[in-house]
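J.: Sequence:
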Amino acid sequence: MKLERKRIAVAADRRSDEITALVKKLGGEAVLRPLQGTSCTDEALVVRELEELLDTGADWVIFTTGVGAQKVWEIAQRCGCLEALRAFLQTVRVAARGRKTTKFLVDHGIEPAARDDDGTTYGVLRALEPFDVAGKRVVVQLHGDLPKSLDTWCVEQRANVSFIHAYTYLPPEADVLQALLMDIVHRRVDAVTFTSAQQVRFLFNYAAIENQVDAVVAGFDEVVATAVGKVTAESLRESGVRRIVAPEEERMGAMIVALMRYFERESLK
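For reference, each letter of the sequence shown is one residue, going 1079 to 1347 in this note's numbering.
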């Protein structure tokens, strides 16, 4: 069967050519709907947030991405507070999500007290369970929006939360978001491939503005939501999507193969 007569929406921007070529090779039609957006950093804002962190302190600092941790490090170096930041982080508890994040911190002299077991935000929250965080001051390094699961956890813990906006994303064009939303709501595609959690958040943020969240979730009961890995799948689950196809090996090619095999299994039912 492969992907014959299947229309696959591609939410990726970077490396979308690779996904499109593989979909076509397997007999499908790729529909480009790039949702990644553009990353940017407000360095002046990060400097103010670092100054506040060093001035008021914290009980926990949670780093959510390796790229974000590196950006914070580079900005701290440029503004002359890197050594103060390093010394501070060695005196408080640090949590890290993802292998790259943990490696960056360890390589720079910071040993996380809590680290995820699977690369997801839920993994970090499981690692934090043995610790008493209730009412504590927590600083979170953001990469775009605050993940829903982490936001809920902060509320439940009654934590005093502030942020370091290491980088944010400028949203994609509204017409692209609208087109994909209609593709899903009206079942004009058979599947959507997502390669980052940010793509999922952009779609559902736009759906919320258009009062179409329930319609998009219902659409995904027929349109197959496909994630490149655990973090992207986590974002889909947090958004209410009930069926998600994701590969064991977090690679774009493996994602398309997993989708093909899903359709093949469904055709046998």
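Worth double-checking, as some hints may not be accurate.
[Stated by the list, open to error] What follows is a set of in silico ranges between Cβ atoms, one per label pair, in the way DEER data are often shown: (1) G1331 <-> P1112: 15 to 25 Å; (2) V1170 <-> Q1256: 40 to 50 Å; (3) T1116 <-> Y1340: 48 to 58 Å; (4) G1213 <-> Q1256: 49 to 59 Å; (5) R1164 <-> N1289: 16 to 26 Å; (6) G1135 <-> Q1155: 17 to 27 Å; (7) Y1340 <-> H1186: 51 to 61 Å; (8) D1120 <-> T1230: 18 to 28 Å; (9) E1326 <-> E1082: 17 to 27 Å; (10) K1080 <-> R1329: 14 to 24 Å; (11) A1257 <-> Y1340: 21 to 31 Å; (12) E1082 <-> T1134: 55 to 65 Å; (13) E1344 <-> L1110: 21 to 31 Å.
If you are wondering where the hints come from, they were derived from the structure by calculation, not from laboratory data.
The model shown is predicted, which means the values in this text are computed figures rather than measured ones.
A virtual CB, placed ideally from N, CA and C, is assigned to each residue, including glycine.
J.: Which numbered hints turn out to be false for this structure?
T.: 3, 4, 5, 7
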